[in-house]
Every structure is written in structure tokens, then in C-alpha cells.
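**Q** Let the sequences and hints guide you as you build the complete structure.
Letter by letter, the chains look like this.
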Amino acid sequence: MSRLYEVMFIIRPDVADEEVDKLIAGFTTSVTNGGGVVKTTEKMGRRKLAYLVRKFADGNYVLLTLEANGAVVAELERRLRVSEPVIKFITVRIDEEEKRLAKIKALRGTRRKLSAEQPAAPAAAPPAAAPATAPAEAAEAVQASA
Amino acid sequence: MAEETTGRAPEAGAGAPAQGPGQGSGQGPVQGSGSGGPGGGERRPGGKPGGPGGRGKFFRRKKVCKFCTEKIDAIPYRDVRLLQQFVAERGKIVPRRLTGVCTTHQRRLTRAIKQARNIALLPFATHH
Numbered sequence: 065m066s067r068l069y070e071v072m073f074i075i076r077p078d079v080a081d082e083e084v085d086k087l088i089a090g091f092t093t094s095v096t097n098g099g100g101v102v103k104t105t106e107k108m109g110r111r112k113l114a115y116l117v118r119k120f121a122d123g124n125y126v127l128l129t130l131e132a133n134g135a136v137v138a139e140l141e142r143r144l145r146v147s148e149p150v151i152k153f154i155t156v157r158i159d160e161e162e163k164r165l166a167k168i169k170a171l172r173g174t175r176r177k178l179s180a181e182q183p184a185a186p187a188a189a190p191p192a193a194a195p196a197t198a199p200a201e202a203a204e205a206v207q208a209s210a
Numbered sequence: 020m021a022e023e024t025t026g027r028a029p030e031a032g033a034g035a036p037a038q039g040p041g042q043g044s045g046q047g048p049v050q051g052s053g054s055g056g057p058g059g060g061e062r063r064p065g066g067k068p069g070g071p072g073g074r075g076k077f078f079r080r081k082k083v084c085k086f087c088t089e090k091i092d093a094i095p096y097r098d099v100r101l102l103q104q105f106v107a108e109r110g111k112i113v114p115r116r117l118t119g120v121c122t123t124h125q126r127r128l129t130r131a132i133k134q135a136r137n138i139a140l141l142p143f144a145t146h147h
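Protein sequences appear in the order of chains A and B.
Residue numbers for the first sequence follow our numbering, beginning at 65 and rising by one.
Residue numbers for the second sequence follow our numbering, beginning at 20 and rising by one.
No lab work stands behind these hints, which were simulated from the structure alone.
All clues stand as given, with none of them false.
EDC-like mimics (lysine to aspartate or glutamate), calculated; alpha carbons at most 20 Å apart, straight line:
hint, chain 1, residue 1, chain 2, residue 2
1, B, Lys90, A, Glu161
2, B, Lys90, A, Glu162
3, B, Lys90, A, Glu160
4, A, Lys163, B, Asp92
5, A, Lys103, A, Glu139
6, A, Lys169, A, Asp159
7, B, Lys133, A, Glu161
A few chain B positions that, by computed beta-carbon distances, are all more than 12 Å from chain A:
hint, residue
8, Ile112
9, Arg115
10, Thr122
Not everything, but these chain B residues come out facing chain A in the computed CB check (under 8 Å):
hint, residue
11, Asp92
12, Ala93
13, Gln134
14, Asn137
15, Ile138
16, Ala139
17, Leu140
18, Leu141
19, Pro142
20, Phe143
Just so you know, even glycine gets a beta-carbon here, dropped at the ideal spot from N, CA and C.
**A** Put into C-alpha cells, the structure is as follows:
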């Protein structure tokens, strides 16, 4: 049962860049060894922390999106907990959220089709773009029909 | 928060004198000048100016939920700028009667803020 997870962790600021890459590579291999798929890896860079964590005021944020089952994620969390340069981490399960968002997008796509008779499906656009495209398309449709 | 003040200030000027005293409970000191109290104070006036204005009558103006109007579906914990609009100076989450957010979105927002706090994107409490 593969689920989508999002793992964000903070690496202490005084490790070198290649160390950071090595760490991330280590975590991703542990995921793939367990049978999971790492969808995206994003290094969000150095950010100021909102409060002191282990006496550090800033840290390197890394975001991983993975598709795996629970055991793999538990293993990854164990590694994160044990690993010394990682000072904080959070795992969020996002597959239900993605399902809900996809449903809304699909619903919006069909609704727009019925009302505006647009041939192209706008459902493919990400939710951030949907509010921007919706008024534009509505305006276009009004102009075309009028 | 500064951005909200500039948008709402003209409304605040128009609405506040008409509503005057006794608008709901516990919001007296927050009204008027549009320089905010803790988070969202500047949003208070406006909407129904010269409405009932009766004391003891909990007539809330129909505040709109920002997420519903802009059709923002997901409130990710990573989006710190969005979350900061709903967090007061001391780091506390602003109640929805001040921000006008609807219940579903307030719950999601709270969840996101708490997640962000856990990953040090937002503070738990700020000392001054």
C-alpha cells in the first residue's frame, strides 16, 4: 500500500555542502532499498529558524517527497532521529490531501466545461493557477460568445 | 499584517463611526484607527456600516473567508507568508472571529500552523 509522504528535515548549518548531499543520498538510498520511490528532493537552502534548536539559529532545510509504505517511512524516521547532523524533521502524509485536491480540480474542470463550453480541460492546471486562469477563461468565453 | 492595514483603512474610516460602541463582545478597544491590535484588528469595521449597532445584539458583519473567495484549496505548512497573516505578533493563532475564516479552513490553517511550528518555520511564542 504505497502512500505519499512529505518529509522535511533540517540539517545543522555547520556541515559542508557535500556532506549535505551525502546525507540526502544516504536517506534516499534507504528509501529505495526498502522499496519506496523518492519523487522529489528539494534543498530549500539555509533559513533562519524561528527558535533556537540545539543552540543553532539557522539551518539547511531539505524537502523529500516519497511514495512508500509505512515500514519504509518508519525506517527513514529512525535514521533521521539517529543521524547527528539532522536537528529536526517532520513527516506528513499527503496522499489523502492529493486525492482531495485532484477531486476538486476535476470538479472545477467539468463545471467550467459545462458552463463555458471550453474544449481544453483546465483541470490540468495546478490549484495556484486555477484562480488565475478561471477569470481569464471566463472573460474569454464571454467575449467569444458576445 | 501591514498589507491588510492599507487595504482596509478606508473601510475602517467609513465603518467605524457608524458602528460606534457596543459592537459585539470584547472588540471595543480594537476598533477605530485601523492600526492593528494583535492580528486582524484592522479588519473589524467595514461591511455593514450603520447596521443595527445595537448593544448586546451579536450582529456580525458577514466577513468573507479569504480561502473561500480566492479558492485556495490547500494550505501547506511550508507557505510561511500565508500562515503569518493569521498569526499574531506573539505567535498566537488568531481566532476566526477576527480574521473571518470559515471553520473548515480555520481547522486546516491551525493544523498547518502547528506543523510549521514543529519544523521551526514559525515560532511557538515570541518574547519581546
